[in-house]
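Engineer: Residues per chain are reported as follows:
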Amino acid sequence: MSVYSHDFAYMDGERSASEVVRDVLPPQFSVVPAARARTLRRTWLDTFDWRLHQAGLTLECVTGRGPAELVLSGTGGERITALANGTRWPSLAAGLPRGELRDRLQGLTSVRALLPAAKAASTVSRFRLRNADDKTVAWLTVDHLHPAEPSAPDPPARLSVTAVRGYQGQADRIAQCLAAQPGVSPGTLPPLDAVLATMGRAPGQYTNKVDVDLSATMPARMALAAVLLRLLDTLEANVAGTIRDIDTEFLHDLRVAVRRTRTGLKLGADLLPEGVAAEYQPAFKWLGDLTTPTRDLDVHLMNFAADAAELTSASPADLEPFHDYLAERRAFEQRRLARALRSARFAALTASWRSALTGLTPPRQGPDAAHADARIIRHAHRRILTRGGAIDAGSPPEKLHDLRKRCKELRYALEFFASLHDPPTHRRVVRDLKGLQDCLGTYQDCEVQRHEIGAVAAELLASGGVSAETLLAMGDLAGHVGERERRARSEFSGRFAAFASRQAQARFEMLAAGARS
Amino acid sequence: MKIVATYNIKGGVGKTAAAVNLSHLAARDGLRVLLADLDPQAAASFLFRVRPRVKGGGTALIRGNRDLDKAIKGTDFEGLDLLPADFTFRNLDLILDATKKPTQRLARLLRPLRASYDVVFLDCPPGISLVSEAVLYAADLILTPIIPTTLSLRTLDQLTEFIGGLDGHRPALLAFCSMIDRRKRLHKEIAQRLPAERDDVAATAIPALSLIEQMAVLRSPVTASAPRSAAARGYADLWAEVRDRLCLPVPVPSGHVRS
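Sequence lines, in order, name chains P and U.
So in numbering that gives the first Met the number 0, the last spot in the first sequence is 516, and the numbers never skip.
So in numbering that gives the first Met the number 0, the last spot in the second sequence is 258, and the numbers never skip.
Isolated chain P, as found in the complex:
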């Protein structure tokens, strides 16, 4: 048989929460402190993109009188605890102490690190609510949260009346009396939400999606400006995490925001005032190029274990010098990237870009968002059909790499204007495109990786610091990567045929026609 709690928020006035309860209790009840008030230090943790929150979970590191404890709780009543054992934040789930909690978190967070989302001290007092027999019939818990952020005010005290089993009726009566008191309001935000609210924030606010609400009739320039501003927000949100190298996804999201911006500048150049696209295209190319070496190495290192497991004639251990070499180079490239992101040039670029975007005004004449969208996506789509159709078995890799870029342009354009389309139609068109993109992506990634292995092998050989076993293992690895590359290349014609099929084109046409309505 379950018991339930009544939760209240109480804005502290002249009377403390327990005094309020004492004053409102019917005469046969009394309030007795159950234990000394405890102060806990609470740190709520989540990934930067709120993966735990999206999954309905809350992770807390709680420090009281004993050792720090990690508590994972779910909206469905799930609760897993583990000792924190001195874990420092940020940390990947893989860095947590072994056990059920780590296992549960690893699948959810994947490559994203857990980092503090909010911190607060929590002073918890517990009282017994007793009946005329001095029998405890309910527990009153009063929780005062004090956010660690000095400028943040304390949220209202959190009161909870929880019945002892078999005494729900008496607890309900007490709760009813309490609810009628001034300053007491029923229901409370979850603690993390309450602490974030004092700082004007809410969980789940970050997303790497474009996620801008456009209207079909708004001037296309203002629609594009809204998209580009959103991309700038995403870019800036990821700078600190990229510099601190918290996890690989900060750089990934930053890089995608840059690439989307470049696509917006290219495909929407004529929607912006004259000279704007020409001024910022080279600046964002500089930024995009800066991110390439570190990201390429990230991809290589993330896939390393899986690639090494495929070796047939060598042992994964033989690849260790190669792995060390990649890791060393990645550390070097990361330092270079961090320096650039701290530079005056980068700061000036983002500041002037924001000012240019916020200063935009609607043109006297010009297309609305729906017309510009239709024109842009049709143009991008046509280019894929033309260039893809010209590729045959003898085409050089560059042709496929170029087609991959065109596909990305269409994909980004579809994302920019997603809010103008019917979601199911939009999803189907994206799915058609994604099939082709996946094949082209694998092909190019494998080609880059294979060349990289060759170049590194030559470099290691020249330096004389490499064993024959390592070189052979690298050759074995290159062979496997080359096999994947050939497979992707052979799949291309089928994938392209599916994308260019009459049915897929009809779906695209329906989407583009819808954009104008």
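These are calculated hints, taken from the structure and not from any lab test.
Check the hints yourself; a few may be wrong.
[To be verified] No more than 20 Å apart at the CA atoms, straight line, and that leaves these computed lysine-lysine pairs for PhoX-like:
hint, chain 1, residue 1, chain 2, residue 2
1, P, Lys118, P, Lys134
2, P, Lys404, P, Lys433
3, U, Lys69, P, Lys134
4, P, Lys284, P, Lys407
5, P, Lys134, U, Lys72
6, P, Lys134, P, Lys265
Given the coordinates of chain P, assemble chain U onto it according to the supplied hints.
Structural biologist: The following block gives chain U in isolation, referenced to the frame of chain P:
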């Protein structure tokens, strides 16, 4: 779920005091504990300040008309619940007798609680009756307080013989010397000798102390009201022996304070 019955054919030997204190200690160890007060005198219910009343009385409970789960009350101690006594429990023999397989009835009623509790203590009324047989069938361990006198030892032998003669399930028996008067030589001598001679007698003996009698005044287990007293230490030692016999986990000390 382990079931421990505090039982003796004789009355006034410390069954309820043992059930109340041991159930409190078990809950303090982090186990989920239910104390079922089967004695119509309702002493355990009184000590935990719970009204000795069950809706529909013993008949509804035994016949299954009232869900056992719904009759359970929380005590003032976390992890420790109580099935209160009811005055109709004086007729439990008759009520059981009217059911099919009466000796198995109590075990059947307790079975659905397996997911909710780690240990169930049955505080039993004295005497040998159908209720006792149902208790012996349901319990994993019979915990029997004995006052160290010759007549009490005879009663223990009778009980051992009775359990030995049961068909099918036979619970383990653990007796312990209770209400030891240190001024009496015979008490001291039997309390020392008995555990050495018999495997079914605990090494721990519970002395006759006024603190234990005062439980009825304070309406609280002595292990809660005077946790450092000799009486509480005695019950803690006894609980450690019972825990070992039941192969229950020894609690891991943590930094967290239980209220």
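Engineer: State for each hint whether it applies.
Structural biologist: Quick rundown of the hints versus the structure:
1. Lys118/P - Lys134/P: Between Lys118/P and Lys134/P the Cα gap is close to 37 Å, so the pair fails against 20 Å, i.e. violated.
2. Lys404/P - Lys433/P: Satisfied, since the Cα-Cα distance of roughly 13 Å is no more than 20 Å.
3. Lys69/U - Lys134/P: holds, 19 Å
4. Lys284/P - Lys407/P: holds, 16 Å
5. Lys134/P - Lys72/U: Given pair Lys134/P, Lys72/U holds - Cα atoms ~11 Å apart, limit 20 Å.
6. Lys134/P - Lys265/P: Since the Cα atoms of Lys134/P and Lys265/P sit roughly 75 Å apart, the hinted pair is violated (cutoff 20 Å).
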